[in-house]
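Peer 1: Sequence:
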Amino acid sequence: MNPDSSTAAHDGRKQHSFLMRILDNIEKVGNKLPHPATLFAIFALIVIIVSEIVYRTGSVATHPGTGETIRGISLLNPAGLRFIFSKATDNFVYFPPLGIVLVAMIGIGVAEGSGLISALLRHLVTAAPKRLVTAAVIAAGVLSHLASSAGYVVLIPLGAMVFAAFKRHPLAGMAAAFCGVSGGFGANFLIGSVDPILAGLSESAANLIDSSIRINPAVNFYFMLASAFMIVIVGTWITEKFVEPRLGKYGGEIEEFEHIEKRERKGLIWAGVAVAFVIAVLLVMILPENGILRNPETGSILHSPFMDGLITAILVFFLVPGLAYGIAVGSIRSDKDVIKQMTKSMKGLAGYIVLVFFAGQFVYYFKESNIGVLLAINGAQILKNIGFTGIPLLISFVLVSAFINLFMGSASAKWAIMAPIFVPMFMLLGYHPGITQAAFRIGDSITNIITPMMSYFALIVAFAQKYNEKYGIGTIIATMLPYSVAFGIFWIILLTAWMLLGLPTGPDAPLHMP
119 MNPDSSTAAH
129 DGRKQHSFLM
139 RILDNIEKVG
149 NKLPHPATLF
159 AIFALIVIIV
169 SEIVYRTGSV
179 ATHPGTGETI
189 RGISLLNPAG
199 LRFIFSKATD
209 NFVYFPPLGI
219 VLVAMIGIGV
229 AEGSGLISAL
239 LRHLVTAAPK
249 RLVTAAVIAA
259 GVLSHLASSA
269 GYVVLIPLGA
279 MVFAAFKRHP
289 LAGMAAAFCG
299 VSGGFGANFL
309 IGSVDPILAG
319 LSESAANLID
329 SSIRINPAVN
339 FYFMLASAFM
349 IVIVGTWITE
359 KFVEPRLGKY
369 GGEIEEFEHI
379 EKRERKGLIW
389 AGVAVAFVIA
399 VLLVMILPEN
409 GILRNPETGS
419 ILHSPFMDGL
429 ITAILVFFLV
439 PGLAYGIAVG
449 SIRSDKDVIK
459 QMTKSMKGLA
469 GYIVLVFFAG
479 QFVYYFKESN
489 IGVLLAINGA
499 QILKNIGFTG
509 IPLLISFVLV
519 SAFINLFMGS
529 ASAKWAIMAP
539 IFVPMFMLLG
549 YHPGITQAAF
559 RIGDSITNII
569 TPMMSYFALI
579 VAFAQKYNEK
589 YGIGTIIATM
599 LPYSVAFGIF
609 WIILLTAWML
619 LGLPTGPDAP
629 LHMP
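Going letter by letter, the sequence shown gives residues 119 to 632 in our numbering.
Hints are not guaranteed to be accurate.
Said to hold, decoys possible - Here are the in silico distance ranges between beta carbons for each label pair:
no.	residue 1	residue 2	range
1	419	358	34 to 40 angstroms
2	461	358	34 to 40 angstroms
3	204	419	20 to 26 angstroms
4	462	426	26 to 32 angstroms
5	211	428	50 to 56 angstroms
6	453	185	53 to 59 angstroms
7	178	211	17 to 23 angstroms
8	418	464	31 to 37 angstroms
9	464	326	38 to 44 angstroms
10	410	454	43 to 49 angstroms
11	160	408	52 to 58 angstroms
The hints are simulated quantities; they were obtained by calculation from the structure and are not laboratory data.
No experiment lies behind these values; they were computed from the predicted model shown.
All C-beta atoms in this analysis are idealised placements derived from N, C-alpha and C, irrespective of residue type, glycine included.
Put together the whole structure using the sequences plus the hints.
Peer 2: Written out as structure tokens, the structure is:
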């Protein structure tokens, strides 16, 4: 890596549009901030201070689902100080992205160390149509929701590697993958793991008005499918017309990819056989009604050990083909080679592990203090009091959901708070819960890619710093802001057209209540 290479605002560019200058200034200001680990430590201290202020001012809110009174909790009182002192380890160890990243990297380390990923990329470079690379990366990001959070761990760094292999800026590849994985969280080509969770919350909220109504996990499928194509088209346009021109030519070291050799082709064949074997084994454990990885009580696949252990499946999908490839080409000759490759992949995560310690403290302080819940409930109440109806109401709801998402990362946690207010209210205005849930998912998606509160934001920064140590939070926000704005505009247009046409959002989900 060349440390003197551009920080995405390249001196060689002679003409800057107004938009480009704004993004450059955002990046410069953002990158003058302290190191991300230091920044999260500062945020944690700010939360501690603000929690005392919120507590002393007596801020309260009523949880719309349970009726529970939510109060601000001070982290400076004896109980709060005990929490800070006693939970530091738990806040680090149980920070969700940490375990997922570490487990996935065991398998990825073997696939990378054996040479499998390099051979696949070189094969892609020599065989794939260059014109479709951007769209393919974004579409893969959207589809990655089937594997819960695995897209953040696997696809985003892979997007950078693919772009670099085509001699394109790796940060643009990361951005393309990131916009699909996170910016397109409310879109998909198939039903994902989050759909039954949101549908269940919507049903509970709808039952406050109509106890007989049932909301199925596919309640947003039609709208999600249309949204998925929109995300791919708009994301490709933003990447190629705005992001890449702004980033310019990458000045760091890029691996040169040559045609794969005969032995490597043999290794890829064996890796393919290994993948087919893994898929066959998983299908045997999933497809039968009494499949081992189904829910033993209900037989469900969506709520099952398989869905809970998707990151294990990701590990196996990289580990087994990596072993097959390495043995075939001779890069793995003993168990020592395998352990060495796993260890090497872990060494590259040292900086991220340090960052996660401070990020975990910040996130759990924010949760413990109830600041995020108070912001979410009171923000939702403000929108309710505005009294908008029809399309303006839904658009306002999208914008408020997007704003709340800046402070509270979990989609299910936000919907658990917001659904009991907005689903019944919109039902009384004649709208089916499906369109309300769809509007929420739009808002929840468009700001995912620009908020440091998103659980994997720190990981994205760490991935970017692999290509330039000067990249920071400002770089990521400035790079992703065009996607956020474009997705917001086009998604609202799609929502408006959907409502004007009166289309159902999914099976058994008409726009209006019967």
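Peer 1: CB of residue 464 to CB of residue 326, is that within 38 to 44 angstroms?
Peer 2: violated (49 angstroms)
Peer 1: Is 26 to 32 angstroms right for how far apart the beta carbons of residue 462 and residue 426 are?
Peer 2: holds (29 angstroms)
Peer 1: Does the Cβ-Cβ separation between residue 160 and residue 408 fall within 52 to 58 angstroms?
Peer 2: holds (53 angstroms)
Peer 1: Honestly, do residue 204 and residue 419 meet the 20 to 26 angstroms range at C-beta?
Peer 2: violated (39 angstroms)
Peer 1: Between residue 419 and residue 358, does the C-beta distance stay in 34 to 40 angstroms?
Peer 2: holds (37 angstroms)
Peer 1: Determine whether the Cβ-Cβ distance between residue 418 and residue 464 falls within the hinted range of 31 to 37 angstroms.
Peer 2: Cβ of residue 418 to Cβ of residue 464: about 35 angstroms, so the range 31 to 37 angstroms holds.
Peer 1: Does the Cβ distance between residue 211 and residue 428 fall inside 50 to 56 angstroms?
Peer 2: At 20 angstroms between Cβs, range violated.
Peer 1: Taking 43 to 49 angstroms as the stated bounds, is the beta-carbon spacing between residue 410 and residue 454 within them?
Peer 2: The hint (43 to 49 angstroms, Cβ to Cβ) is violated, given that residue 410 and residue 454 are roughly 33 angstroms apart.
Peer 1: Is 17 to 23 angstroms respected by the C-beta to C-beta distance linking residue 178 and residue 211?
Peer 2: Hint violated: Cβ distance 32 angstroms, outside 17 to 23 angstroms.
Peer 1: Cβ-Cβ distance between residue 461 and residue 358: within 34 to 40 angstroms?
Peer 2: holds (39 angstroms)
Peer 1: Indicate whether the distance between the beta carbons of residue 453 and residue 185 respects the range 53 to 59 angstroms.
Peer 2: The hinted range 53 to 59 angstroms holds for residue 453 and residue 185, with Cβ atoms some 58 angstroms apart.
Checked against the numbered hints given earlier, the structure breaks hints 3, 5, 7, 9 and 10 and satisfies all the rest.
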